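Starting from the structure of chain A, add chains B, C and D where the hints point.
As a plain string of letters, each chain reads:
There are 4 protein chains.
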Amino acid sequence: MSETPPPEIVLGRNNYGKSEVRLFKVKRDTAVHEVWDLNVRVILEGDFDAAHYLGDNSKLLATDTMRNTVYALAKDRLIGSIEGFGLDLVDHFLEAGPTVTVCRVEVTQLRWRRIEVEGQPHDHSFVRERGERKAKVWGDGTGTRRVEAGIDDVYVLKTTNSGWENFYRDRFTTLPDTDDRVLATIVTAKWEYDIIDADFDHLWDGVMARTLETFTDHYSPSVQNTLYRMGRAVLEEFPEIERIWYSFPNVHHIAYDLERFGTDNDGEILHATQDPYGQIEGWVERRP
Amino acid sequence: MSETPPPEIVLGRNNYGKSEVRLFKVKRDTAVHEVWDLNVRVILEGDFDAAHYLGDNSKLLATDTMRNTVYALAKDRLIGSIEGFGLDLVDHFLEAGPTVTVCRVEVTQLRWRRIEVEGQPHDHSFVRERGERKAKVWGDGTGTRRVEAGIDDVYVLKTTNSGWENFYRDRFTTLPDTDDRVLATIVTAKWEYDIIDADFDHLWDGVMARTLETFTDHYSPSVQNTLYRMGRAVLEEFPEIERIWYSFPNVHHIAYDLERFGTDNDGEILHATQDPYGQIEGWVERRP
Amino acid sequence: MSETPPPEIVLGRNNYGKSEVRLFKVKRDTAVHEVWDLNVRVILEGDFDAAHYLGDNSKLLATDTMRNTVYALAKDRLIGSIEGFGLDLVDHFLEAGPTVTVCRVEVTQLRWRRIEVEGQPHDHSFVRERGERKAKVWGDGTGTRRVEAGIDDVYVLKTTNSGWENFYRDRFTTLPDTDDRVLATIVTAKWEYDIIDADFDHLWDGVMARTLETFTDHYSPSVQNTLYRMGRAVLEEFPEIERIWYSFPNVHHIAYDLERFGTDNDGEILHATQDPYGQIEGWVERRP
Amino acid sequence: MSETPPPEIVLGRNNYGKSEVRLFKVKRDTAVHEVWDLNVRVILEGDFDAAHYLGDNSKLLATDTMRNTVYALAKDRLIGSIEGFGLDLVDHFLEAGPTVTVCRVEVTQLRWRRIEVEGQPHDHSFVRERGERKAKVWGDGTGTRRVEAGIDDVYVLKTTNSGWENFYRDRFTTLPDTDDRVLATIVTAKWEYDIIDADFDHLWDGVMARTLETFTDHYSPSVQNTLYRMGRAVLEEFPEIERIWYSFPNVHHIAYDLERFGTDNDGEILHATQDPYGQIEGWVERRP
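Protein chains in written order, with full-length UniProt numbering: chain A, 1 to 288; chain B, 1 to 288; chain C, 1 to 288; chain D, 1 to 288.
Possibly wrong hints are sitting among the right ones.
[Stated by the list, open to error] Pulled a few chain C residues facing chain B out of the computed Cβ check, cut under 8 Å: (1) 7; (2) 48; (3) 77; (4) 142; (5) 168; (6) 232; (7) 271.
[To be verified] Stretches of chain C that chain D covers, calculated by requiring three or more beta carbons in the stretch to come under 8 Å of a beta carbon on chain D: (8) 32-46; (9) 159-167.
To be clear, the hints were calculated from the coordinates, so they are not data collected in a lab. Just so it is clear, the structure is predicted and the values come from calculations on it, not from any experiment. We treat Cβ as the ideally placed atom computed from N, Cα and C, and that holds for glycine.
Just chain A, with the same shape it has in the complex (with noise of 0.2 Å):
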């Protein structure tokens, strides 16, 4: 079971950890509940090489430990927003692991919302809604925190007031210019804060209303540009936010030829194709 490594092949950057802990907690103190549905993964670095060379595990937390872990933190410790949970839970893992050196936490909200009952929101029961909510969390021994939030799987699409025009054309060009597209996405989008002790919630609900709204305001000459004032306006608004990143595939409609059958089509009969899309990515900053 144990060997010695040989000199010229070592072992690299490494990590393990636990994924998919689905975590759910109530908060039932009172008669109107509160959930958190959560997706939980645990990732540790560190000292590994006694593992991976000699089959010597005296120094790994078990995964299962890890899991074990995160639900046993959850009753006191997760109270409020994942970002805090994430952080105690890397405070914990840190200390935890013998040879641990850092720690990341991933966390995946799934969001439920009140039943509406009469248009009264229910106490105990809940929809799911579309939309996930990402943190995660990165820490070392030093003491150093990063934390990062993010926006997965909101779709958006609008009519009109969107174009694709005058782009660089070469001879593989065969793309028509258009100044009214139907424009539609799907929001993933991930942002760093520059403080480990924000109000994460108030300014999630912020980062994902901004969004939204840049993406209704203004006429669209790219999704380049569309992605440049979403960034621009949630960096104005939230000072505690350093930096954010989009991700944007271009689902593409495309409107259907009817013109063969005797039928004009002005924009109103189109294919939502699934394949290939265009994607755009990119970071909005504030100037170092």
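Same frame as chain A, now just chains B, C and D:
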């Protein structure tokens, strides 16, 4: 390419058609746009023996033609409910296929709601909602038409007012009784109309509302009892609906054993497991 | 918790059971291990009125008990085909549920083949193959049993010897004829046995082989004709099989227009599109 | 449409391109056809400030043009490995985009093997294999090129000769030691070449073979140790490979408790759980 079919091995019931026709329509004659985002499937039954036995395609409508037709007819016929559009498509294809005797059209509507900006719904910008709306229309050459509507992919959850007690026990039973558990499911529903000119949009909203409200309004002794209550609430309110079927996975949320770590857990910390799950299905209908 | 059902709204056909029971069995009594990797679903029908109307669970077998039972019975009963195991489970559950009248068991077998090391199959190491094997067993209290087997998720493709010509044309038809196209599909098949003690493993392998070979052995004038040929080949070889059904998406591979760039394209460069697709389905059966 | 960017909020690192270009090529100049079934992604980096700040698209190559280009170049350039095709695409796009400084091309190859008929591989009929082949090529304007290859979605499993013992224990540890467990994972690998004109097809097959064989050839005290052994086997055999990375979910197979039912279970009856799972990742590389 052709051959005589042997007498002993014959073609049985069969059908063909086009799936995943991703039709997107914008109503843009005023500043306030409306959208339909549909996934359409067309299925034809009829006498297709010559194609199967002899490779003779002369009586087959190409599935590519079906696609063209869906887009072409959407221009004038997709102006209200997906049930109404499905009825028009069925009428068309029963005529269009030279040997067609039955046509089924299945429509899935992806749901978009307007983005709110400063509390006002936007004219032409939308965000996708969870939960799909379904319609299936069946017709034959004698003029018979059947309309079925449906709901898919609506996650609901209640954190209390649900139990599972006093069930049958045999030697393989280990589950304890509980009078307080999380009840979580994903609503799939379908229901049949007794008329073909109903206000289908209003009815669909009504079934969704009754289903969600009933989920909240009682102590659930079992998924079965809640299923029956939902169906009864729908049928009592909407005489146009003949019968309704629900399918409910029972997405189990299992209390995590924290006593091992000296922590009590009174239904607060749960594991939302992915596998396996109970599945409860049934029709609720009017007594004949 | 209990109430009298109203006279007018009643429970119709219904069932319940357990899905996604992920059973893995190792036969390890010799050095050469064998594995079964199954996804089992159990579905019961019967008189469950009391549960639905009154919240009375006393005649309901818990779905958790069904899960326990599948694992417990696998020890002695899962020794050969999944069809055989399904028959044993059906026998058990018809007895186990106090008011059960019908039991269906659906089994999906994930397929593993031995890793080859220096040309020899390994004793206990496996790699997953594409293509799922299915079995469904249906039984009732009168002793009737029905066994259906199936194939899912087998992708096949031929690059020539397939066409689509001389089909019916109407005003919405734009597709040109072709006598040389790529034919690609994903095989889903199911077939019914007329006996319950066949050599199901041998038969399943045989149906898979006949299906693949028939795919290669003729010019295909249509998916319909190939479907019929496959079914006939299976029924001619295996008298134990009563009838067989195939479902074939027609995964279109469309020549990309390179003439625009001064390049000819004689069926070499194609776009493998994801949407939409034709869908052809049918039974092939013995003449009654 | 244009505006001056504010001095404080700027564009950071960004890129754009085309994803899910589903290119299928048939080499059909002899009776024995060959196929490439690819999913191509093109990503460009460069000076795209004008588009983001000003809505000026004049220096942007349209992503639709990228798609056209991939198909057009496939005619003459896709004649061997996907790594070679990726290098040609990178060369092209570095020239084609007026302000492009970096191009990345990612190719996923879906794998087809010939259908065997009476023991002979068929000329033009294929069935899909599990396991994807990946290539990523990176290039910049200075002539630097980097080539990475990869494996994805290969499920492997061994039923014995694996354990997990003598690991670190803390107060949240409940997992017992075992010296005989099922080890199951899904291989994701990537590796970097130190040359750009290697026999990439031969090398890919070799890495796959070494990975599978190493999986079988030792008692695995941990996923970590097996990961290192695999990497070492690859690097020892192939000097063209600089370093290799594996990512292994630990798909847990848990013995089902049958003692409750009076049945012993010596590692035979297991639950193949879907959630959560351990995840082990790391590079194995040559000592600098």
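Going through the hints against the structure:
no.	hint	in the structure
1	7	holds, 6 Å
2	48	holds, 6 Å
3	77	violated, 14 Å
4	142	violated, 22 Å
5	168	holds, 5 Å
6	232	holds, 5 Å
7	271	violated, 15 Å
8	32-46	holds (count 3)
9	159-167	holds (count 3)
Of the numbered hints listed earlier, those contradicted by the structure are 3, 4, 7.
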